[in-house]
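Colleague: As given, the protein sequences belong to chains A and B, one line each in that order. Residues 116 to 415, numbered by this note's numbering, are exactly what the first sequence covers, in order. Residues 7 to 461, numbered by this note's numbering, are exactly what the second sequence covers, in order.
Source of the hints: derived by calculation from the structure; they are not laboratory data. Treat the hints with caution; some may be incorrect.
[As the list claims (entries may be wrong)] List of simulated lysine-lysine pairs, DSSO-like, C-alpha gap at most 27 angstroms:
#1 B:Lys393 with B:Lys371
#2 B:Lys430 with A:Lys190
#3 A:Lys190 with B:Lys371
#4 B:Lys260 with A:Lys276
#5 B:Lys283 with A:Lys276
#6 B:Lys430 with A:Lys276
#7 B:Lys181 with B:Lys307
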Amino acid sequence: MSNYHTLTKKFWNQQQKIAPYLFIAPFYILFIVFMGYPLLSSLIMSFYEMRGFQSRIYVGFSNFIDLFNDPIFWKSAWNTTYFAIGTLTLQLPIALILALILNSKHVKGKNFLRLAFFTPVLVAGVFVAIIFNLIYDQRSGIINNEFVFLGNEIGWLNDTKYVMPAVILTGVWQWAGFNMIYFIAGLQGIRQDLYEAAAVDGANWWQAFIHVTLPSLRPVIAFVVVVSMIGSFQLFDLPFILTNGGEPADAGSTIVMYLYKNGFQFMRLGYAATIGWVLFILIAIISIAQLKLLGIFREE
Amino acid sequence: MLNPFDRDSFPIGKAPIAMLILFMISSILLLISNKKKDNSLEFWIFANTHYDEYQARLPLFNQLYPDVNVELINFGGTMHDKLLTALLSNFGAPDIVEVEITSIGRFLKGAIEEIGFMDLRPLLENEGWMHDLIPNRFTPWSYNGRIYGIPHDLHPVVLLYRDDIFKTAGFDLTKINTWDEFINVGKEVTRDTDGDGNIDQFAIVLDNKTESDYFNFLLQRGGGFFDENGNVVIDSDIAIDTLEFYSSLFNEHKIATPVYGTWHGHPSNFAAMQDGKILSILAPDWYVGILKSQVPQMAGKWKAIPMPSWEEGGRRTTTRGGTMIGITKQCENPDLAWKLIEFTYFNKEGLANRFETTMIIPPIKSALDLPIFHEPDEYLGGQRIGKLFIDLVPDIPPRYQNPYWSEASDLLNNTIFEVVTENKSSRTALIDLAATVRIIISKDQMRWSIKEKNP
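Extracted from the complex, chain B is given alone in its bound form:
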């Protein structure tokens, strides 16, 4: 009798037939699962903390909309690459997606009608949210007058400092208003503590390999890489002066130490902060959140003051980092997508919950008086850190977005390193950088304009 599972009667054996059956079953399953239901929303996320927050609150959304099936997918850091591929191939993009502030630029390249996100301005205006959001926070997500994303955050920056060590050294940082004053105090506390001839306690930690901290200073002074109209302004006097100042903190005043590890949130950097090698750090709200969750043993050692200003009465903060939520053009049900955005981004209970786990202050004016933002924080020795961030909100500078940000920031990273560690002149370095980026942009524009003339 012919038995397909019998080695003798089936010429290839059991294993291939088993594989064949598995292949057929999985193909059928894939075909079925790829059929999208009408009331389903796919939502891509890159940040673990965001994913945890939305996942936990999803049942509440489903109470409001029981027949909507929301699928949250956390791809981590590679999400932006996957999104780019999905938008390029015009297939497989999610309905809703969160995008990170340094990654959005590449998605805004080329002709406006080819951008993969919906313009949310009409929805914001119709639903009455426009006036309730902090206007400066639309700038990272807007280009050519269109708004491609709703801001998730404000990310004001404060100066976190080791309260215990400054106090022992006899300094009250709450009396410091300007960077000049900070430098004077910084010189007193930057020293060799164990007498081995090497300085091992620095007043501040700054990144000398990437633009991150330099950009903190530059935005504080009202500068930027690009202006509102997309012009390159990284060779402006403000930018050059700021880079000279930045480099002087390392080389002339010698109060700054390069970041330990690859960034401020690297385990080596946390260790240096804990060991008292680093006495202060420029910290956005989210950074305070990761400190609390990842280095709980430092509770009570740190306090915050507004960022020192450039001149008496000047701007006391800047902004670092950010996320937006957008609806892709592949979304078939934008109204439903909007309902989920309203729930995750505007719901006050959700925003309070977000602050509790991540310290992130929302960009919603009407939410800023929620009691939770004004409570004392034990980690910061009872300081009302939320209130400090909120008091700085009116001063948060705009950060203009540009399709060429990725190329520009990549080159700016190199410039920062060359100026700070290889003593290249700030002026030459930034003028060269601006010229390079202008060439990249004008070359594209030239190509596109030829195409437009001869389509």
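So here's chain A without its partners, still in its complex pose:
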């Protein structure tokens, strides 16, 4: 009897150790098959180049060296960074301002407006790009025809100077409302007594914003900034359709677009894998730096 008892006890102890792994096994199996293995093989691939459809050649670090000497890669990297800066300095402040307005007690029809600003994110990027392609058209587009005060017709998609600003503005239209929702959620989580205490101390609206709202929003801001930066560096479909594959003269090319072109159009899979890994390292560095700057690793 006691023997049986110890045996079942042993079994229960054992299964208690194994069970959690079994419960999460579906994730790990899928992760290893669909993420881990491809990641590893793409890392290996970055040291090879295809020689046709079946065989490949070991090239050492030569893909990485080529990449650092590739002017189109640098152009694409700059365009992508430009978009990220645009997101940071234009899209997120607009999202925050929208959130402040639509969280205010004095605004009527808040639910409708929130929904209205949120809806662009529900539209597939490809459709957005096609519509904005018509809107930005230099000679027949709405912008140049309606906003005549801008002066001479702006070659939004024809002039290398204006291509990325056009992409950034489209990004603002599509994503500002989405980020607004995060900020509204953050604003609603701020305790009212903090504002009351600030008011007792004689703080005006601006001082309350700087000393209460912003510090309280820090985790939300950190999340939105990091996620937006990752999204910005992975930018692909919007400029790909909007600028017809980066035209003119790669002014609309991004890192992922250049990766796609190399992998699928030029059949240079090793080089494409290299771009992917360089992009990964870039995003990792920027994300960690941002989290550090925003104090997310700090002990509260």
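Assemble the complex: chain A is given as a structure, and chain B must be docked to it using the hints.
Modeller: Just chain B now, kept in the frame of chain A:
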């Protein structure tokens, strides 16, 4: 009693068990549907118009071959990416596939034995089709002496022009033979029509962001990016001179306007054509087809002349665009696949039907005298446009294919823009471009030759 659908007795609830059952059913269905039947053919297509045509005529094929099950799949523009993945993974490719002319290059990279398409030359020769196809149209689909695809089309190019506006201005374009003559007339009709100080009516529309129209001119003159043997010839005197001429149409003669929108078939461009801002356009047969179907309200306003030539008596056409049909090496029944190719590409009723819906002239010599190609076309004011295209067929220049076309054309697009809008010199731009592409190619060849020496 234990009931799996009862929330209390089944610990996880109804939803997961429902999902589990659905998962099992769909897995079984997938397994069954993936089993390929012996007499089935999978055919991938990227063009909607082609898909509609083949889908409509499939019942006729099934009358001839009742036990063959043909599956047509239209993937649109992403088809080439899917095909590349299927050929790389050596799994999941169709039996038959149509490939677009600017996309085939990437599929010809590397060792010949690794190319994913069958060489169709033996089949063409055995079945006696070789002599009936226009030889120049094999060049886009051939490499290293092998033929990987049957041409779908010829795509000769004409100059479409606004007959009404030129007539009112007092010009008869049918009397124009050379580009010099066209430029002279063009300068007369390019003008400011509403007096606001901006020119709003241009003699011709050309693309300044991609190689498309420049390549029209370059091929017309017998040039190209690569020659027959795969050498880079984009820095040849002909190429440099042609680019200088191309840029002069915008900058010196000022008779050309950049394309509205992203390409000639963009809605903004159609609108500009309709509003009389664009008076002429270089148009292949398929472009006339899309004009007719997408802007029917312009009927009667446009007519066509052969492309003006570089010198009196010179070549009066070029070629733009194209599609091939090929059999992949993953095909298990190439003979059956060939039967479907014969039906879709060589059947004369089918070719007549194709012309009716898309204006596309087939590359089959014996089909060129079909009556439908010689009938007047109401859209073009009763002009016999099919006959005009067919008369130009002997002049269609070859367009040599190369595995590096995608990289080369991507860089050429940038060069065109830099020369036309940023005033870079044609000579420096093309010499730089040729050098860059030669480096890309020689680097690959060096790597491959090392591999061959030390396998």
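Colleague: If a hint holds in the structure, say so; if it doesn't, say that too.
Modeller: These are the hints, each one checked on the structure:
1. B:Lys393 with B:Lys371: Distance ~13 angstroms between lysine 393 (chain B) and lysine 371 (chain B) Cα, so the pair holds.
2. B:Lys430 with A:Lys190: holds, 19 angstroms
3. A:Lys190 with B:Lys371: Violated, at roughly 48 angstroms.
4. B:Lys260 with A:Lys276: holds, 23 angstroms
5. B:Lys283 with A:Lys276: Judged against 27 angstroms, a Cα distance of about 26 angstroms means the pair holds.
6. B:Lys430 with A:Lys276: holds, 17 angstroms
7. B:Lys181 with B:Lys307: Distance ~18 angstroms between lysine 181 (chain B) and lysine 307 (chain B) Cα, so the pair holds.
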